[in-house]
Amino acid sequence: MTERVGVYVCHCGSNIAGQVDVEDLAKWAGEELEGVVVARDYKFMCSSLGQELIEEDIKNEGLTRVVVGACSPHLHEKTFRRACSNAGLNPYLCQMASLREQVSWVTTDKDLANTKARALISGAVHRVQLQEELEATEVPVNPNTLVVGAGIAGIQASLELADAGYQVYLVEREPSIGGHMAQFDKTFPTLDCAACILTPRMSDVGQHPNINLLSYSEVEEVSGYVGNFHARLRKKARYINEEDCTGCGICIEKCPKKVIDDIFEAGMGYRKAVYRPFPQAVPKFPVIDTENCIYFERGTCKACEKFCPTDAIDFEQKDTFLDIDVGNIILATGYDLFDARKIPQYGYGRLANVFTNLEFERLCNAAGPTEGKIVMRDGVTQPESVAIVHCVGSRDVRFNTHCSAVCCMAAMKFGHLVMEKTGAEVYSFYIDLRPNQKGYEEFYNRLLEEGMHFIRGRVAEVTDAARQPGEEGKLIVQAEDTLLGMQRRIPVDMVILMSGLESRSDAHDVAVKFGISCSMAGWFTERHPKLAPVATMTDGIFIAGTCQGPKDIPASVSQGAAASASVQAMITCGTVEIEPIVATIHEENCSGCRICNNLCPFNAIDFNEEKMVSVINQALCKGCGTCVAACPAQAISGAHFSNEQIFSEIEGLLFDVVSGNGSKAAEPAKDSVPA
Amino acid sequence: MRYGYYPGCSLGSTAAPYDVSTKAIAKPLGLELEEIHDWNCCGATEYFSIQKTAAYALVARNLALAADQDGLKQLTAPCSACYLNLRKTDHYMGKYPKIGERTNEALAAGGLSYQPGSLEIRHLLDIVVNDVGLESIAEKVTNPLKGLRLAPYYGCLIVRPTLGDEPVDNPEYPTHLDELLDALGATVVDFPLKAHCCGGHMTQISSDTAYELIRRLLQNAADYEADAIVTICPMCQLNLDAYQSQVNGHFGTSFDLPVLYFTQMIGLALGMQPKELGIGKEIVSASKVLKKIGVETEEAEAKPERKKRDDKSLPMPKV
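Protein sequences appear in the order of chains W and V.
Read in numbering that gives the first Met the number 0, the first sequence has 113 at position 114, and its numbers run on one by one without any break.
Read in numbering that gives the first Met the number 0, the second sequence has 143 at position 144, and its numbers run on one by one without any break.
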């Protein structure tokens, strides 16, 4: 070995030094490990003084390799690579050993900690000497952006990018943009109406010269890599020519087929077979619903076509496809509501006057089916008492363990609206109240003063089975009041179930399509929960709003803006560096079996039909090594993870059981076997 | 399909019609029920709260006998309390090795042992709905229960607690019995209290409490205009049927709701005679209700009026 290795052990304050004897570790490495010419310990290696220590040694001691025993490489690998680079050493000749996350934080046994710390340092010293110089490549960034989902988060992201002068393709699955927010009545805690603040933004989107709005469309395929994505979009047939349609709405008026609107009106209202979800819809063009259209059912009718003043109806229209190139993608695909039928003891679908939160939003919305009148299922009677059940499908091990974050505030908003419009008594059954943002606690206090009743107890059942006088003909809500320590039965006229937020039913498919990861529950995974909340592990793909986890409107808007800012930074920079830690397929050994093609979690491997070999797109490859391990012909090699490097690392890790590698061969002590 | 059959004590006495009707429908449904030889009482609901090891051993003896009975893999009990006790013992003996060890130690005194998990313990309703299958039953129906409004009553023991990973039916709002009665052609009424408690042995401890629990159930069934209540548990049947007149006296109500076993309803739908199914033994007579589906029952013999205590009159001469 001719390499000159420097070993640097970080105390991380007391984080590492509290469990590991750092001074002894550095001394041991300097004395026992072959190739080590300098070994030091320092309070904070990541500080500028710590980095300078490494830089000085590279210059003065002629180090050709660097090992830093500190935290996880997730946190500071970039820091130490940069330090090496500053001193003229190729950054990929630096290796980290995770002494904090993998040693000191996970044990209280100091002997075990010391032994494992030695093993990790020894492994790193062994492998680093075989590491090779690698060069990052630079690729240009396409300044166009694809935004998927046009709820409030997607709208915010699109407008900010478009206002900054960049072209945006905004894709929305439904006929109109606006998302869930367009369905809501008032917004908490200020009680300004959702439509009043949302519709101006929607029309901005519709008219913006930099936004190419593709409503009633979906993303079919995505390929490419950061800076250079290609997407194929399917524009679903509306059966109405957008060039000719003026949005006059005569077709809707004349359509003889009325159906229940399960999407926008949440099943509470009706729409025609040719419809616009709501009057302020953007774009203004209606859509023909072929499942219910009489013409598509029986071949006759065409009332809309007869009356359309501009001949815009086209029953022969087909889905069209659009191929676009973009540099970055923002996913803002939103959430689904928990299906309250899964909790039959709450009676939804069985007891007429049990409503869901979304149904109630439509009920008290002035543009809703009752023009904002809060009435029971019969459509006329005002309730004299209303119970609101929190955490329906949330914070429940049977369904979703997470807190849906918005229901407490929405329930209080409902309470206020019910009392204001009907004067009814309102009872809120909660587990914990969580009004934890600006102005929220004050809103809670306001509701207390307005006389809303708060009962701390999870509801056992909602029933129409009367037991005591006064319960006949009512819905009885039974719960254990955990503050009073007694069972309570409250007879009411109406019950509102605060159904929780769930990830979209197709979230897993979407994650696979875009090559990002999502949790078991289907929420898209951010790069870092605190420090990179809108980036994903796939460069160039960002997430915003409730697709990442339950959140309210202000938080969704913030994320939309944040994602837009991240994209703008990429565009302004103009180019992006691609990590050179990637896999390469050696064509001459590839049999074309394609085993690796489907295994790649980043969709980075294509098949070259002409040569009959697989090819890795190095810009997409994350260097995970799945294909390297899977290749039956061993035709794939992973840079930075060659067999020699890994075997050498293993040999180093087993320093205390392998003899003849330069370190003392010692019998492992019985109680100090590394975990 | 071959099953070990554990009737339990009540099916030999107060719930004899349940036993009779179960045996009657077994053949047409293709169920081979093999009674466990020399079975003993399961200890009912209270014993577990009094003396744990003895209670587990009492139940486990039946499990050990059943597992020894040439190659039985499945054991069924029509009584919900027996079902729960058998299942609980099997489950806890496996989950808590200490219970398993102590129980087997006790069994060893009688030369027996039981390996938890060797039997699958299932309620008769589960077997009828999931093994025989609703479609197959519907095909066999010759006398659909058309026009009969039935309240499906599960009680609390069959659905809770969930032992193991997955509940057999929804623990809060079960639907198996609803689906079965629907397949038999009956009109199933919504019965919100379907999984509420009937009071169990509370009638012996605090009758006021028990009467209130029973009243709620009867009231709820009456509110939904049920003709009859269908049960799957001998305890539920006894409480709702035998105490109905006491409840009426206690609250001044006038409920007249026959309470029948689901096995009896299956038998009627398959065209069997009421007598074959033990119908006529119930205290609140079902004959008026069964006329609705064209089933004639023998009227119970009019009982001689009992002499009131302060009645000093002399007997009438026989005619």
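A hint or two may mislead.
[To be verified] Derived DSBU-like pairs: lysine-lysine, alpha-carbon spacing no greater than 35 angstroms straight-line:
# : chain 1 : residue 1 : chain 2 : residue 2
1 : V       : K87       : W       : K341
2 : V       : K145      : W       : K473
3 : W       : K341      : V       : K94
4 : W       : K473      : V       : K87
5 : W       : K341      : V       : K287
6 : V       : K287      : W       : K473
7 : V       : K51       : V       : K145
8 : W       : K341      : V       : K139
[What the hints assert, rightly or not] Derived list of chain V stretches under chain W, where covered just means 3 residues or more per stretch with a C-beta under 8 angstroms from a C-beta of chain W:
#  : region
9  : 148-158
10 : 215-224
Hint data in this document are derived by calculation from the structure and do not stem from the laboratory.
Being a predicted model, the structure only gives us computed values, none of them experimental.
By construction, the Cβ of each residue, glycine as well, lies at the ideal position given by its N, Cα and C atoms.
These are the hints, each one checked on the structure:
no., hint, in the structure
1, V:K87 / W:K341, "holds, 26 angstroms"
2, V:K145 / W:K473, "holds, 31 angstroms"
3, W:K341 / V:K94, "holds, 29 angstroms"
4, W:K473 / V:K87, "violated, 38 angstroms"
5, W:K341 / V:K287, "violated, 38 angstroms"
6, V:K287 / W:K473, "holds, 32 angstroms"
7, V:K51 / V:K145, "violated, 47 angstroms"
8, W:K341 / V:K139, "holds, 32 angstroms"
9, 148-158, "violated (count 0)"
10, 215-224, "holds (count 4)"
This entry does not satisfy hints 4, 5, 7, 9, going by the numbered hints stated previously.
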